[in-house]
Amino acid sequence: MTFLTLDHLCAALNLESFDVEAAWRVMAPRGRIERRADPPPKQAGVLVLLTGEDGDLRVMLTRRTERLNGHRGQMSFPGGRRDDSDRDFAHTALRETGEELGIDTAGVALLGALTPIYIPPSHFDVFPYVGYQRVLPPLMPNPDEVAAVYPVALADLFDPENRIVTEIETVAGPLTVPAYTLGGQIVWGATAVILCELEMRLRAVRHGTG
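To convert, note that position 54 of the sequence shown is 54 in the numbering used here; the numbers rise steadily by one, no gaps.
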């Protein structure tokens with residue numbers, strides 16, 4: 001298993017040179033990166049929340065409930081739409097994570113940000129942040145938003161057997177997409193694209209590039 005540390009993470013988030021679009025294309029469904037500006041996209045913040053120790057870091061993924069309006073039943077990061085009262089998108093990500101997982105996020109240390117990404121189906125600009133808390137308080141997921149929580153080993157991103165191409169049923173019909181299989185779940189779309197950016201940044205650090 002790939003040994004990953006917080007030092008790797010911090011270095012990965014601060015690379016001087018990184019081709020983010022090349023990383024996105026690995027997991028992006030066809031046309032996913034194309035962006036339309038009219039009307040202006042809605043805006044959201046999400047948190048790539050990591051827990052555990054060096055060598056056993058885990059990322060918290062959630063499965064959205066079927067009652068949500070958008071991306072129902074899909075794997076995602078905790079997060080949501082920015083409120084006018086939010087100081088910035090990092091505040092949005094932390095606030096929404098607290099609401100969805102039922103925890104106080106005061107103990108979460110923000111390590112940095114990944115690249116904002118546009119999601120065509122819901123017309124959102126999403127701002128991903130990476131946070132860390134060694135041990136999380138007991139989770140009390142919001143049953144209206146979160147069907148289940150999956151702590152997934154960060155090192156699983158490096159296992160080629162966890163990458164697949166599969167057919168997904170969407171509201172627009174079947175769609176063939178690249179995906180991860182993590183925690184027994186299929187992770188595709190924007191969540192997979194964000195994870196792939198993090199994976200490729202970590203690979204660059206471990207290989208001494210960037």
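Simulated from the structure, these hints should not be mistaken for lab results. We treat Cβ as the ideally placed atom computed from N, Cα and C, and that holds for glycine. Be aware that one or more of the hints could be misleading.
[Unchecked claim] Here are the computed distance ranges between Cβ atoms for each label pair:
| no. | residue 1 | residue 2 | range |
| --- | --- | --- | --- |
| 1 | 91 | 123 | 19 to 25 Å |
| 2 | 143 | 3 | 22 to 28 Å |
| 3 | 55 | 99 | 28 to 34 Å |
| 4 | 55 | 172 | 21 to 27 Å |
| 5 | 88 | 26 | 25 to 31 Å |
| 6 | 55 | 174 | 36 to 42 Å |
We went through each hint and held it up to the structure:
no.: 1; hint: 91 - 123: 19 to 25 Å; result: 22 Å, holds
no.: 2; hint: 143 - 3: 22 to 28 Å; result: 37 Å, violated
no.: 3; hint: 55 - 99: 28 to 34 Å; result: 31 Å, holds
no.: 4; hint: 55 - 172: 21 to 27 Å; result: 42 Å, violated
no.: 5; hint: 88 - 26: 25 to 31 Å; result: 29 Å, holds
no.: 6; hint: 55 - 174: 36 to 42 Å; result: 40 Å, holds
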